[in-house]
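*Asks:* Listed below, chain by chain, are the residues.
2 protein chains.
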Amino acid sequence: MNHFFKVQSLEQVALLAHQFAAVTIEKVPISDSFFRVLAKDIEATHDIPGFRRATMDGYAVNSSSTFGASESNPAWLEVIGSISMGESPSFSIQSGQAAKISTGGMLPDGADSVVMVEHTEVIGGESSSLTGVDREDKAQVSYIPTVEIYKSVAPLQNVIDKDEDFKKGEKILTSGTLLRPQEVGLAAALGICELPVYKIPKVGIISTGDEIVPIDKTPQLGKIRDINSYTLAGLIVEAGAIPVQYGIIKDNEEALLNACKKALDETDMVLISGGSSVGNRDFTVKVLSSLKDTEILVHGISISPGKPTILAKSGIKPIWGLPGHVVSAMVVFKIVVLPFLRQIQGFISCKPKDSSILIPAILTKNVASAQGRTDFVRVKLFRKIDGDSNNSNVGNSNSQYSTLKDKYEIFAEPILGKSGLIRTMVMADGLLEIGENVEGVERGDLVNIIPLRTLE
Amino acid sequence: MNHFFKVQSLEQVALLAHQFAAVTIEKVPISDSFFRVLAKDIEATHDIPGFRRATMDGYAVNSSSTFGASESNPAWLEVIGSISMGESPSFSIQSGQAAKISTGGMLPDGADSVVMVEHTEVIGGESSSLTGVDREDKAQVSYIPTVEIYKSVAPLQNVIDKDEDFKKGEKILTSGTLLRPQEVGLAAALGICELPVYKIPKVGIISTGDEIVPIDKTPQLGKIRDINSYTLAGLIVEAGAIPVQYGIIKDNEEALLNACKKALDETDMVLISGGSSVGNRDFTVKVLSSLKDTEILVHGISISPGKPTILAKSGIKPIWGLPGHVVSAMVVFKIVVLPFLRQIQGFISCKPKDSSILIPAILTKNVASAQGRTDFVRVKLFRKIDGDSNNSNVGNSNSQYSTLKDKYEIFAEPILGKSGLIRTMVMADGLLEIGENVEGVERGDLVNIIPLRTLE
Chain D
949 MNHFFKVQSL
959 EQVALLAHQF
969 AAVTIEKVPI
979 SDSFFRVLAK
989 DIEATHDIPG
999 FRRATMDGYA
1009 VNSSSTFGAS
1019 ESNPAWLEVI
1029 GSISMGESPS
1039 FSIQSGQAAK
1049 ISTGGMLPDG
1059 ADSVVMVEHT
1069 EVIGGESSSL
1079 TGVDREDKAQ
1089 VSYIPTVEIY
1099 KSVAPLQNVI
1109 DKDEDFKKGE
1119 KILTSGTLLR
1129 PQEVGLAAAL
1139 GICELPVYKI
1149 PKVGIISTGD
1159 EIVPIDKTPQ
1169 LGKIRDINSY
1179 TLAGLIVEAG
1189 AIPVQYGIIK
1199 DNEEALLNAC
1209 KKALDETDMV
1219 LISGGSSVGN
1229 RDFTVKVLSS
1239 LKDTEILVHG
1249 ISISPGKPTI
1259 LAKSGIKPIW
1269 GLPGHVVSAM
1279 VVFKIVVLPF
1289 LRQIQGFISC
1299 KPKDSSILIP
1309 AILTKNVASA
1319 QGRTDFVRVK
1329 LFRKIDGDSN
1339 NSNVGNSNSQ
1349 YSTLKDKYEI
1359 FAEPILGKSG
1369 LIRTMVMADG
1379 LLEIGENVEG
1389 VERGDLVNII
1399 PLRTLE
Chain X
949 MNHFFKVQSL
959 EQVALLAHQF
969 AAVTIEKVPI
979 SDSFFRVLAK
989 DIEATHDIPG
999 FRRATMDGYA
1009 VNSSSTFGAS
1019 ESNPAWLEVI
1029 GSISMGESPS
1039 FSIQSGQAAK
1049 ISTGGMLPDG
1059 ADSVVMVEHT
1069 EVIGGESSSL
1079 TGVDREDKAQ
1089 VSYIPTVEIY
1099 KSVAPLQNVI
1109 DKDEDFKKGE
1119 KILTSGTLLR
1129 PQEVGLAAAL
1139 GICELPVYKI
1149 PKVGIISTGD
1159 EIVPIDKTPQ
1169 LGKIRDINSY
1179 TLAGLIVEAG
1189 AIPVQYGIIK
1199 DNEEALLNAC
1209 KKALDETDMV
1219 LISGGSSVGN
1229 RDFTVKVLSS
1239 LKDTEILVHG
1249 ISISPGKPTI
1259 LAKSGIKPIW
1269 GLPGHVVSAM
1279 VVFKIVVLPF
1289 LRQIQGFISC
1299 KPKDSSILIP
1309 AILTKNVASA
1319 QGRTDFVRVK
1329 LFRKIDGDSN
1339 NSNVGNSNSQ
1349 YSTLKDKYEI
1359 FAEPILGKSG
1369 LIRTMVMADG
1379 LLEIGENVEG
1389 VERGDLVNII
1399 PLRTLE
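Those sequence lines, one after another, are chains D and X. In this text, residue positions in the first sequence follow the working numbering: the first is 949, and each later residue adds one. In this text, residue positions in the second sequence follow the working numbering: the first is 949, and each later residue adds one.
No lab work stands behind these hints, which were simulated from the structure alone. Any given hint could be a false lead.
The list makes no distinction among identical chains, and a pair is therefore deemed to hold if it is satisfied within one copy or across any two copies.
To be verified - Listed next, the in silico PhoX-like pairs over lysine-lysine satisfying Cα-Cα at most 20 Å (straight line):
#1 K954 with K1261
#2 K1209 with K1240
#3 K1366 with K1115
#4 K1165 with K1110
#5 K1165 with K1116
#6 K1265 with K1150
#7 K1366 with K1110
#8 K1328 with K1119
#9 K1265 with K1147
The whole structure should be built from the sequences, with the hints applied where relevant.
*Replies:* Structure representation (structure tokens):
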């Protein structure tokens, strides 16, 4: 176990994600498919909505009958019927005719638009008492009401055409993308009751360290409770995967080896939450190297916090040795591990920068950074309070700040603190990435923040 | 049912959320508490971490023994022991002494700091072979190794003090806030195995309209499948609540009344997904008014899309009549209904503006807006590609754009389209709010976008 591994950059490590394959596919009812990852492209099997629909209450007309109509010079149209919701009209509209229609109703043949009810007035009869009539019925109606049209409509005005939402044959959903409510709604519109999705991956968590005790035990002096199993489980849940706990393994080679084998057998990715000491890392590498069909891919990443991260490929599955400090382990999960999980989940794009929106914010303090490594600084985000131009956190001595502060509303306050302090993550709303070729960022700089989920 | 209701502003409606109470409380194991809402304040029952811990591998020392140490003038300290992980050292450190320690190890009495191993060199012995020794043992050691210290440390350097993360008695978690992985980790650190949380609310969905058919049926011409039940269910899932479907109710007063009663009985909030026609709205208001102990609070909101929204208070529960257009219903859920759900979920702060981070972006096109109503425009977000200063979408004819474009990386492209087209929501990454006193926003303006969940 005397290999020396060169510390790799974040970019080098990210490229390794493509070595791992997505989980297998299953079919689920669409009501269970929310926020799952679609596993096949979906095409429209028919036009949506499938018929010409009104988007307003009013009168279905042929637009040419209304051209030139105005308040002072209204068009007069014969009201030949009223269209019931959900029914296909049994009559058609000729020039000079109209039919009463509600929002969502189907336009009769010959009608290409709807005049809003607000731009009409019925003369000589209650058109609402009319029901759908066909040509013959109409001949029997002794008195036909008339509607005055005060505003012309263009062809297709106030309607959705039969293939305006989606056309038959068009690709409507893309494999490897997230199924949001609207994507599932679209599947519903096509009558798709089940969707092919990637299975939900399971992620094993093995806690190691002679100093770690279960949370329901009172730790003796020198020991601490198992925090990282819970923070990691939460991050796995947040990412849409299933955490599986393998307990606390003492620093014993055989015990860790057996736990790794079991976890690799039962899950799609394994996290070893270990100590941050050199001895602990060597121990993890030794155990990983002794696993069958396993290759150490990464032993150290040029990021802070999180440098002592280990990645091995065991068969087709990634197995990670994470740093022991609670903040380091969380940052490494968000920044390094998550893209690999995204790959396993079946997402097309698996880089965190592509997969989440960064929030531009103005930095409130200078932050120094060492060259040659990528730093992730926890930040608290806050919004400018209207009229509070003298916010004590931000001052106005800096010209860039002065230029931006009135347009810009989000500020990022760096949280300085040791990566062993969970307090700093409890305070944080996001992470500021400082690139490896950057010496630091300054108060007033516009920076892009990686958001941590918050809701208050 | 001839009441005329004045259309209310978004702000007026938002104030009504406080009329509704949070659901009741339950205790759950912390491993099931992720992203639940905490229902009581939590105080630290003891200091965290509870003892002075090393944050580096190295030597535990009294910092005063290292003052003035440098490469050219090292301090020489006696190595009197080595501290095993998870153990309380049985010896203490005097001036001039050191003990080998790993990251996470407990400092002995008398030691206030750790010298990093990189700044030391052991002379005359393998200190690692030493185990914890007490004063008497030490007297029996014939040869005591020495460590050269090349850099001084300050008091508390490279350690976390016993109460540095949290102090006993300090409030560590606040009732009404979201339990993220880090908050749950903090509870774990304190040995809290169960947390009091608000129950997960159930939200009933009733679909109405004679034109609506279940998704597994082939709609006849003039009918469409039930899309809104699915998009609303997805939004409820996304918000952390449980959707309960009550099926499609034909436009029949008694049937809708019974469905409302059942849904109000079984859930914490009810959504009626109805048509957008005036007749349909009147019908919904009539049914709501005939429910026992029910008051219509809102009948129309000055927003677009979403104006024909109805809110009633039935007993202690909100019941909504949502507009029928798919986009309108989704926008109303995100903007109007969600704050009420947040209130029911137990969150301290329930306004969407407080509860989510808005993303500043540069608008790529002018968008007109009517005064007197708040508009929500769907937008697609995209990032500037490095070096792509001639992005065809944004041009550079506008001076504000020119000023901001190099600093700013996110652009918002308005998606124009009818609110009956689900396509526009499938394309959208967020919503642009245009206030009721604003006539429009211009290309190049810095705007704040309400994000819709995306992952690609």
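*Asks:* Now, for every hint given, state plainly whether the structure supports it.
*Replies:* Hint check:
1. K954 with K1261: within (17 Å within a copy, 65 Å between copies)
2. K1209 with K1240: within (9 Å within a copy, 62 Å between copies)
3. K1366 with K1115: Result: close only across copies, 16 Å inter versus 56 Å intra.
4. K1165 with K1110: between (65 Å within a copy, 19 Å between copies)
5. K1165 with K1116: The answer is between: 18 Å across copies meets 20 Å, while 62 Å in one copy does not.
6. K1265 with K1150: Close inside one copy (11 Å), not across copies (38 Å); limit 20 Å.
7. K1366 with K1110: So K1366 and K1110 pass the 20 Å test across copies only (14 Å; inside, 61 Å).
8. K1328 with K1119: between (41 Å within a copy, 19 Å between copies)
9. K1265 with K1147: within (15 Å within a copy, 37 Å between copies)
Checked against the numbered hints above, the structure violates none of them.
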